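Engineer: With the hints as constraints, model all of the structure from the sequences given.
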Amino acid sequence: MNQPHKEHAELAEKFNADEDRVNWHDETLWWIRQKRDKIVWQLPEWEQLRETASQIKHNVLSHLSEYLLEFEANAQKNGVTVHWAANGEEHNKIVYKLLKEQGVTQMVKSKSMLTEECHLNEFLEKQGIEVVDTDLGERIVQLAKEPPSHIVLPCIHWKKEEIGELFHKFLGTPEGNADPQFLTHAARLALRQDFLTRKVALTGVNFAVAETGEFVVCTNEGNADMGAHLSNVHIASMGIEKLIPKRKHLGVFLRLLTRSATGQPITTYSSHFSKPRPGQQMHIILVDNGRSVHLGKEEFRNSLKCIRCGACMNTCPVYRRSGGHSYHNAVAGPIGSILAPNFDMRKNADLPFASTLCGSCSNVCPVKIDIHDQLYKWRQVLAKEGHTPKAKTAAMKVMAVTLSKPGIFTVAGKMGRIVMRNVPGLVNNKLNPWFKQREMPEAPKESFREWYQKNRKK
Amino acid sequence: MSSREDILKTLRQNQPPAVALPDTQPFAGMKPVNADQFIQTFKTIGGALYEARDYAHVEEILRADFAAFPLKRTTLPQLSGIADTSWFTVDPHTLHDTEVMIAEALFGVCENGAVWITEQQMVQRAAMFIPEHLVMLVSKASLVATMHDAYVRIAELHNGPYGFGAFIAGPSKTADIEQSLVLGAHGPRTMTMMLLP
Ligand code: SF4
Numbered sequence: 001m002n003q004p005h006k007e008h009a010e011l012a013e014k015f016n017a018d019e020d021r022v023n024w025h026d027e028t029l030w031w032i033r034q035k036r037d038k039i040v041w042q043l044p045e046w047e048q049l050r051e052t053a054s055q056i057k058h059n060v061l062s063h064l065s066e067y068l069l070e071f072e073a074n075a076q077k078n079g080v081t082v083h084w085a086a087n088g089e090e091h092n093k094i095v096y097k098l099l100k101e102q103g104v105t106q107m108v109k110s111k112s113m114l115t116e117e118c119h120l121n122e123f124l125e126k127q128g129i130e131v132v133d134t135d136l137g138e139r140i141v142q143l144a145k146e147p148p149s150h151i152v153l154p155c156i157h158w159k160k161e162e163i164g165e166l167f168h169k170f171l172g173t174p175e176g177n178a179d180p181q182f183l184t185h186a187a188r189l190a191l192r193q194d195f196l197t198r199k200v201a202l203t204g205v206n207f208a209v210a211e212t213g214e215f216v217v218c219t220n221e222g223n224a225d226m227g228a229h230l231s232n233v234h235i236a237s238m239g240i241e242k243l244i245p246k247r248k249h250l251g252v253f254l255r256l257l258t259r260s261a262t263g264q265p266i267t268t269y270s271s272h273f274s275k276p277r278p279g280q281q282m283h284i285i286l287v288d289n290g291r292s293v294h295l296g297k298e299e300f301r302n303s304l305k306c307i308r309c310g311a312c313m314n315t316c317p318v319y320r321r322s323g324g325h326s327y328h329n330a331v332a333g334p335i336g337s338i339l340a341p342n343f344d345m346r347k348n349a350d351l352p353f354a355s356t357l358c359g360s361c362s363n364v365c366p367v368k369i370d371i372h373d374q375l376y377k378w379r380q381v382l383a384k385e386g387h388t389p390k391a392k393t394a395a396m397k398v399m400a401v402t403l404s405k406p407g408i409f410t411v412a413g414k415m416g417r418i419v420m421r422n423v424p425g426l427v428n429n430k431l432n433p434w435f436k437q438r439e440m441p442e443a444p445k446e447s448f449r450e451w452y453q454k455n456r457k458k
Numbered sequence: 001m002s003s004r005e006d007i008l009k010t011l012r013q014n015q016p017p018a019v020a021l022p023d024t025q026p027f028a029g030m031k032p033v034n035a036d037q038f039i040q041t042f043k044t045i046g047g048a049l050y051e052a053r054d055y056a057h058v059e060e061i062l063r064a065d066f067a068a069f070p071l072k073r074t075t076l077p078q079l080s081g082i083a084d085t086s087w088f089t090v091d092p093h094t095l096h097d098t099e100v101m102i103a104e105a106l107f108g109v110c111e112n113g114a115v116w117i118t119e120q121q122m123v124q125r126a127a128m129f130i131p132e133h134l135v136m137l138v139s140k141a142s143l144v145a146t147m148h149d150a151y152v153r154i155a156e157l158h159n160g161p162y163g164f165g166a167f168i169a170g171p172s173k174t175a176d177i178e179q180s181l182v183l184g185a186h187g188p189r190t191m192t193m194m195l196l197p
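As they're listed, the protein sequences go chains E and X. At position 235 of the first sequence (counting the first as 1) the number is 235 in the UniProt record's numbering, and the numbers step up by one without a gap. At position 6 of the second sequence (counting the first as 1) the number is 6 in the UniProt record's numbering, and the numbers step up by one without a gap.
Keep in mind the hints are simulated off the structure, nothing from the lab. Quick caveat: nothing in here was measured; it's all calculated off a predicted structure. Do not take every clue at face value.
30 angstroms max Cα-Cα, derived DSSO-like pairs, lysine-lysine [said to hold, decoys possible]:
no. : chain 1 : residue 1 : chain 2 : residue 2
1   : E       : Lys199    : E       : Lys97
2   : X       : Lys72     : E       : Lys38
3   : E       : Lys199    : E       : Lys77
4   : X       : Lys31     : E       : Lys305
5   : X       : Lys140    : E       : Lys368
6   : X       : Lys9      : E       : Lys35
7   : E       : Lys275    : X       : Lys9
8   : E       : Lys35     : E       : Lys305
9   : E       : Lys77     : E       : Lys368
10  : E       : Lys368    : X       : Lys72
11  : X       : Lys43     : E       : Lys160
12  : X       : Lys31     : E       : Lys246
13  : X       : Lys140    : E       : Lys305
14  : X       : Lys43     : X       : Lys140
15  : E       : Lys305    : E       : Lys38
16  : X       : Lys72     : E       : Lys275
17  : X       : Lys9      : E       : Lys77
Structural biologist: As structure tokens, then:
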């Protein structure tokens, strides 16, 4: 953690070195965004649903301690053991203890961004435990010893030929075969053996219901279910903000989640776990890891409403062209950029600046988080604390002076437009950090202010 | 202090002022049940669908279409003529050779093609996920329009916890390799719906 790490701009530059890949990444994510639009437009009540979801989550945040206690009591009544973890380290130790109790050194795991946040795999590996990630995308990045680059599409930055090579090396598939159908089938066969032989399975949690003590896990692949139903011990790890008050609220959230995430009407499996099956142990770990403190920050607490659909990433012009790894955080993209500074302000000070503040993220967010406003507010907090990314600081200082003096702003804007229209190369140069990898847009002939002055008389 | 007490204490300090829950009632009953929508949607998400008259008709279809798969198992005693029913209490791991599993869901959801089924109808939880092919019976009369209506129905059907329940919508799938959709990830590679009256 103490190693100096590279900032977003620098990592993005690395990703941008391969132009074809960037274009492909950009287009693929935009295609998913369009699929989302298509299905969303079929529901006239969409905005009403988003508003309702946002309000339910607001209610949850204002009663989180009560709902947690209600959930705990109901889950215990259902025969589930409930653990509380203040941070990632405590979470990891609880998992390790449960594995040791079973005397096993292997475990299957389905997708859980929380365990990425807690760095569970690294911790367990050091204790000699082998973790097999069973979501296909996560398995691919795990074999490649990489973290996922997207919360819903973990290997969205990988090309099929590279996956073919990886599988050739690790699963013995024929060299040069890059057919997605064939490769998926090879992974299915390999992972089937893991499902059949592992005694402990860990899953994430999409929603937990205070009223009933049950929790819901959504997958398309069926890997969470294969793991859980064939295990002797099922461990479910969840961030404490995953609670919802009543079961009927799942109607709202399950309608929003997958439409927002991938443009599907629902995931293939929405599994409601309430009791362990006879003879099985079921454990839930409630993880705080900074969330309870975050709740106290009025301007930023809304980010705890996130249901991890990934829509804000798919739509983000910066994410699409810089890749998930440039965010150097378990959760990338716009939402990652407002969550990360909360954990470590110094290390993640560059992330709120990795945005154009276009607001597209806030427009698609199914729980109406004011993501771009929070990015802007983080910048103010970070600037005040003296944490601004190196490259943008000089330019920002000029901007700050300009913006604080309306007279200079008008002149500077006018000059800027004249320069841009006549000698764009002067602005599109290396000294302008916004220019890297992009042509500056054509400058409008007049500013809004000039247009307004001229037209208001009409 | 334990982590539990620590977390709760910090939460109590930091929770914003209480906000009331919104009314979700208006969403229930908002749309009419539309069986055609269910059929179309289920096909769009990768499923196959037959309209069957009764169990005998289901058996007929299975004999014709699933003849290539001798290892059939079912949760339904009505279909014991065509599929094995002696697996109810075996170790679930031994079910991995199941080629076709036939079960009956409680109801279907028109807006997304999903069906709701609980542990009781599954007999064993793994049985719905481990076979190569899943055949699901559901009655047209059971359909609800949206997920809001689905949870109204669930509240009517189950008083108390159901152990395990799931919405299942089509075959298992993944698009993790370059976003190419592949049916058959870890669960069944196909799902066939038998829509009864
Ligand atoms: S912030 Fe909103 S859009 Fe982004 S992942 Fe979370 S819920 Fe989805």
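Engineer: Given the hinted pair lysine 31 of chain X and lysine 246 of chain E, is their alpha-carbon gap at most 30 angstroms?
Structural biologist: Between lysine 31 of chain X and lysine 246 of chain E the Cα gap is close to 22 angstroms, so the pair holds against 30 angstroms.
Engineer: Given the hinted pair lysine 72 of chain X and lysine 38 of chain E, is their Cα-Cα distance within 30 angstroms?
Structural biologist: Violated. Lysine 72 of chain X to lysine 38 of chain E sits at ~39 angstroms, over the 30 angstroms cutoff.
Engineer: Check whether the Cα positions of lysine 31 of chain X and lysine 305 of chain E lie no farther apart than 30 angstroms.
Structural biologist: 28 angstroms, holds
Engineer: Assess, step by step, whether the Cα of lysine 199 of chain E is no farther than 30 angstroms from the Cα of lysine 97 of chain E, and give holds or violated.
Structural biologist: With Cα atoms ~14 angstroms apart, lysine 199 of chain E and lysine 97 of chain E stay inside 30 angstroms; holds.
Engineer: Please verify whether lysine 140 of chain X and lysine 305 of chain E have alpha carbons no more than 30 angstroms apart.
Structural biologist: Not satisfied, since the Cα-Cα distance of roughly 37 angstroms exceeds 30 angstroms.
Engineer: Run the distance test for lysine 9 of chain X versus lysine 77 of chain E: straight-line Cα separation, threshold 30 angstroms.
Structural biologist: Cα-Cα ~24 angstroms, so holds.
Engineer: Between lysine 140 of chain X and lysine 368 of chain E, does the CA-CA distance stay at or below 30 angstroms?
Structural biologist: 36 angstroms, violated
Engineer: Lysine 9 of chain X and lysine 35 of chain E were given as a pair; does the straight-line alpha-carbon distance stay at or below 30 angstroms?
Structural biologist: Given pair lysine 9 of chain X, lysine 35 of chain E is violated - Cα atoms ~43 angstroms apart, limit 30 angstroms.
Engineer: Taking only the CA atoms, is the gap from lysine 43 of chain X to lysine 140 of chain X under or equal to 30 angstroms?
Structural biologist: With Cα atoms ~16 angstroms apart, lysine 43 of chain X and lysine 140 of chain X stay inside 30 angstroms; holds.
Engineer: For a C-alpha distance cap of 30 angstroms, please report whether lysine 305 of chain E and lysine 38 of chain E respect it.
Structural biologist: With a Cα-Cα distance of about 24 angstroms, the restraint between lysine 305 of chain E and lysine 38 of chain E holds, given a limit of 30 angstroms.
Engineer: Is lysine 275 of chain E within 30 angstroms of lysine 9 of chain X, Cα to Cα?
Structural biologist: 29 angstroms, holds
Engineer: Given the hint that lysine 368 of chain E pairs with lysine 72 of chain X, test it: the Cα-Cα distance must not exceed 30 angstroms.
Structural biologist: It is violated: about 47 angstroms lies between the C-alpha atoms, which goes past 30 angstroms.
Consistency with the previously given hints fails for numbers 2, 5, 6, 9, 10 and 13, ordered from lowest to highest.
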